[in-house]
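A.B. asks: Just so you know, the protein sequences line up as chains A and B, in that order. Quick note: the first sequence uses our numbering, first residue 1, plus one each step. Quick note: the second sequence uses our numbering, first residue 1, plus one each step.
I should point out that these hints are in silico values taken from the structure, not numbers from a laboratory. Certain hints may be false.
The list cannot tell twin chains apart, which means a pair is met if one copy fits it or any two copies do.
Capping the alpha-carbon separation at 25 Å, the derived lysine-lysine pairs in BS3-like fashion look like this [unchecked claim]:
#1 K597 x K298
#2 K389 x K47
#3 K680 x K601
#4 K298 x K197
#5 K601 x K389
#6 K601 x K289
#7 K674 x K197
#8 K298 x K601
#9 K680 x K197
#10 K197 x K664
#11 K680 x K585
#12 K289 x K680
Protein chains: 2
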Amino acid sequence: MDIVVVAILCGLAAVLYGIVTSRSVLSASSGSARMVEIAAAIQEGAKAYLGRQYTTIAVVGIVMAVLVFLFLGAIPAAAFVIGAVLSGVTGFIGMNISVRANVRTAQGASESLQRGLSLAFKSGAVTGMLVAGLALLAIAGLFYALVNIVGYAPNDRAVIDALVALAFGASLISIFARLGGGIFTKAADVGADLVGKVEAGIPEDDPRNPAVIADNVGDNVGDCAGMAADLFETYIVTVGATMVLTALLLGSGLTSNFLYGLMALPLIIGGVCILTSIVGTVFVRLGGKQSIMGALYKGFIVTTLLSIPALYLVTQWALGGDMSAPIGAAAATSPAVDNPVAPQDQTVLSMSPFTGMDLFWCMIVGLVITGLIVWITEYYTSTEYRPVKSIAAASVTGHGTNVIQGLAISLEATALPTLVICIGIIAAYTLAGLIGIAFAATSMLALAGMVVALDAYGPVTDNAGGIAEMAGLDDSVRTRTDALDAVGNTTKAVTKGYAIGSAGLAALVLFGAYTTDLDTYFANVEVDFALSNPFVVVGLLLGALLPYLFGAMGMTAVGRAGGEVVREVREQFRSNPGIMAGTSKPDYARTVDLVTKAAIKEMILPSLLPVLTPIAVYFVIAAVAGQRQGFAALGALLLGVIVSGLFVALSMTSGGGAWDNAKKYIEDGNHGGKGSEAHKAAVTGDTVGDPYKDTAGPAVNPMIKITNIVAILLLAALAH
Amino acid sequence: MDIVVVAILCGLAAVLYGIVTSRSVLSASSGSARMVEIAAAIQEGAKAYLGRQYTTIAVVGIVMAVLVFLFLGAIPAAAFVIGAVLSGVTGFIGMNISVRANVRTAQGASESLQRGLSLAFKSGAVTGMLVAGLALLAIAGLFYALVNIVGYAPNDRAVIDALVALAFGASLISIFARLGGGIFTKAADVGADLVGKVEAGIPEDDPRNPAVIADNVGDNVGDCAGMAADLFETYIVTVGATMVLTALLLGSGLTSNFLYGLMALPLIIGGVCILTSIVGTVFVRLGGKQSIMGALYKGFIVTTLLSIPALYLVTQWALGGDMSAPIGAAAATSPAVDNPVAPQDQTVLSMSPFTGMDLFWCMIVGLVITGLIVWITEYYTSTEYRPVKSIAAASVTGHGTNVIQGLAISLEATALPTLVICIGIIAAYTLAGLIGIAFAATSMLALAGMVVALDAYGPVTDNAGGIAEMAGLDDSVRTRTDALDAVGNTTKAVTKGYAIGSAGLAALVLFGAYTTDLDTYFANVEVDFALSNPFVVVGLLLGALLPYLFGAMGMTAVGRAGGEVVREVREQFRSNPGIMAGTSKPDYARTVDLVTKAAIKEMILPSLLPVLTPIAVYFVIAAVAGQRQGFAALGALLLGVIVSGLFVALSMTSGGGAWDNAKKYIEDGNHGGKGSEAHKAAVTGDTVGDPYKDTAGPAVNPMIKITNIVAILLLAALAH
């Protein structure tokens, strides 16, 4: 059977898993009428927000689709629309299952920890499998249609342009979804906490707080829908970039059949890992020690171990059975012989021959990177280890020392992942050159189904805790959901570290695609990417600036929108004293509506930053110093944004997770427990960490991709 | 007369100015016996700390001197010792004048604002002129001795090695001084604030606080001595790197006489700007509006404007009178013709001919960059503008929103300086290639005397306020010193932005020296610095990691040492209840001693990070992938550290200054004034900003230089 067809079948299996598992989740009890009522309010708010958000994004999307059509043609425009729409669909489905699973998890947790974990994780797994499945279907379906139905050669420019446009569609929607959702969730969270916990002195998720529903809506539209769109984008971009780079670098040196197999390999890697992820989900259950993290780890480890032989087998299949025959030797001298700069670059890109076995080892490198990043992130964000405990201890001496220690940990948390990524780059590159790095990134992303499952479980448990509190369930239920939620903070940080780590590899691949495209389109322009070229340094600096500026905008947006929530809640308390007395209900919908408007307004400008900057930098530098320096600066910008973005994102997501769990660690009874001065300081740290880890930090990942993809599209548009 | 001799005379003029002005400051009244007693305690603590600090550094310094002697020979070892010793001397003198001026400024402020400003500024000017003067004397003296006395050619390897070793000595001592002083001052400050203001509820600088003397000592050993050593280092490295680059790139193509003039040009630029700075100091006086910032600006503007014709005249002189003759054409093809990679790089480094007029315009670019950075930093850190006001407004909704807004501003504050630096790089490069960038950086640093004067005035006024408070002077005195201090926060941030901005240019120059040295020493090794080489990417990532890891260590050190101060102060309050009652005196010396030990212990490891990392990266990568990739990764590391360090340093120093002044803005009666909830939140922000702006952030500047210099020395050592 055709490899791509098998990959498509695997994608369909993921969708089937999603449908079956959704039914299983939905068949569970929703608990009392009060719980159903609360959940309905959250559902309504989440739907209303996502509807408005996607309507707004659609306007930008349509403009972009028209531009893609005008500059690149009909097929890329169609691919762009597919990527954009499916990105939106992924977010919508993720949100829909999560707003239904939350109340069922609360009810499940009232029965047992295992039942709560099981429901929350199943809901996460639905989102996870649909992210991976839909992404795989989109890219494999497009490739199959263009090559096997329309009849293009696998490395035809039409196929490459379509893959890049698909990635652009997915990325563009993702950055809006990630940022809009991130601003919504944290504006509501910060606002609710500031007036509720700090001013009014009522606990988190108290039904008297007019922002409490908005806060719970936020978990679903930000941590769930936004995250799903983000990982969908990461999957498409990574797998797509691997295929594009394979076509560009090796296309002219291989037989059409062999190239088809090699380009299909990333797809079947994704396909087979969906199957191993589905098997892995079965193993997520509490052991004798009742360790929640242990239960999740079991599923992850089973998936990873099963993936190893599976990757070997599909590689062998895709390469026609021979794992030791050299690949790439024929292409060693190809792409741009007439370009005096390029050959040297190409030698460095290493098209020295590598074998199927080398590729397999690169995939193992990807799996090892994923495992290490999971482990390092857990170290930095779990309540078990030094970093979180040090922040908790620093809370004893006040707000200031809590924040100082949290910032120190957030800076420190970048070190080990960076070393892992550097070693991974060197290992994969030594094995199989740039193609090796691409396949390492692909095998990282192949586990996305499982990783997203672990992450999407988090907001469900967070919501479940909120519902338990608002519905006045027994304290033991809240204790169980809190335990689930603390692990959720870690798994949420893990996904972000994983996404940005894979971005580190993917950006190199995209840069490779950029330089190769440059050789193809502008063979007569000698671009010098050496660090001794000051325009390269300027490009690096401008690229490095993007995550900072973007982060500043994200943080300011949360601060501003959060401030509006504070004023709204104060106003409701003031005009309706019955709320605090418990005699009348606050107007939840008004707060949701306010946050919705604020988040959508605030997401536009920062999201356009990575779209417009590469274009502006190219044209300004080209005008000042000529086209070749324009290309050099633009290329350097692509690496600058990853070199700086990696650190900004890692520090923000790990630091934020650590602050959050330091608060939970104190709430568990350490350093005086709830209500102590240390706890107040820890709440401050948590508030600071919120926009760090859930707004600005994670949105850096799609931002990096967009910058890269826009640059590649710009080359195509300039060449046309 | 010989140009270098004139430069030396200018350096001596600076020293003379220092002596005369010191006498003028010392002749002012020290006020009451109580004030003298307090000042004596501060003096004693500062001397004890610096003594211990330099003793510890001396151990490291001697080891390094021996290594330099063994690997490079006697002259470089001697140059290293000169740089190291003078760096220490600069710090000592700066501290000595500042601990005497503080009490006189307090007394002066009791007479009038003008008198306080005048004394504080004069004391700052002594430090400023000595920094510039001693740095110029060191480098001009060394150059003169080697060329005119010993008889080496200006571009002889012995001269180049000596200049690099001199810079290494200055940088190595500076990073210890900056970091050790930074940890001391902020550990004492944070500790004093946390127990004093927050727990005991006593005002800042209350004599009952056992950490109050340590806090005031910190201003002198950190903000004054540490800063002086830092700027001394920046001056030496920038001027030295310009000379070295001139020798390396143009040495073989020019006549010996012309080369001597061109290499002496940076020295005479420094010399003449000392004279314009001295003239500028005369104009620092309050106008009709009593604007303190205005008074300081007057001095700065006069200096800058006078420097323009002065720079033109000395350039004309150094180049033999002809400003329009082409320079560098003969060298266009020289350094490493036998290296197939290098020629292309060299073309890009641009040795296309440029004229004296081009160089003059590059110097103007440097002045414009300096002016713009001063103006941007003032915008971000002064109480007059949106950034500080936005942090103050965010304080109303609590600690969390204050910190969020402060972080947002700190991220945002990197944008404009980066754009200015990028435009400056392009402008200078377009005018005169890499040499143009070097001369732009040199003219920036030529203003160091004036800039340091503006900065060093800050800690003196801060101390004066403390002495006024402790000695129980009239509230009007404290109001005046507070007004002076608020401006001091801005000027302190300005110097840091200026130092790191110049580092952005200097790092490019040092990278140029690295690649040129590589071509000279290892002409047979083809090093590929293109961004498409994954080892370059790995180098960039590892370089970018350094400021993060270094920042984490600095922040943790302050947190840990500050925690020790908190425990010590609590213990004194507990064991001696008479302190709070005002019946017995706290043991100030015990606290000073404790902070001294903690700071010295904590400074060692992070200071060695930039010394050891380049060596480790080279040897590890060379072992894995061969020498050429080792050189590529090492070179990329040098740029990675600046690309990331620029942002880390700018965000930390501007953000910290903004937080500090947001607190002052509230204390001025906005948002409820002192004692309000907003004020408490602003104190938290200030505490967080302290290690940002005074420990981790500013130490990034010498860190960048050391990394670069160690790499250059490593090349020399490997070649020998």
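A.B. asks: Hint by hint, say whether it matches the structure.
C.D. replies: These are the hints, each one checked on the structure:
1. K597 x K298: This pair counts as neither: shortest intra-copy Cα distance 42 Å, inter-copy 48 Å.
2. K389 x K47: Result: close neither inside a copy nor across copies, 38 Å intra and 37 Å inter.
3. K680 x K601: neither (32 Å within a copy, 32 Å between copies)
4. K298 x K197: So K298 and K197 fail the 25 Å test inside a copy (37 Å) and across (50 Å) alike.
5. K601 x K389: Between copies only: 23 Å across, 38 Å inside.
6. K601 x K289: Cα proximity of K601 and K289: none, with 47 Å in one copy and 42 Å across.
7. K674 x K197: both (11 Å within a copy, 24 Å between copies)
8. K298 x K601: Answer is neither; intra-copy 42 Å and inter-copy 43 Å both fail.
9. K680 x K197: Classified as both; 9 Å inside a copy, 17 Å across copies.
10. K197 x K664: within (15 Å within a copy, 28 Å between copies)
11. K680 x K585: neither (28 Å within a copy, 33 Å between copies)
12. K289 x K680: neither (32 Å within a copy, 44 Å between copies)
Hints 1, 2, 3, 4, 6, 8, 11 and 12, counting from the list given before, are not met by this structure.
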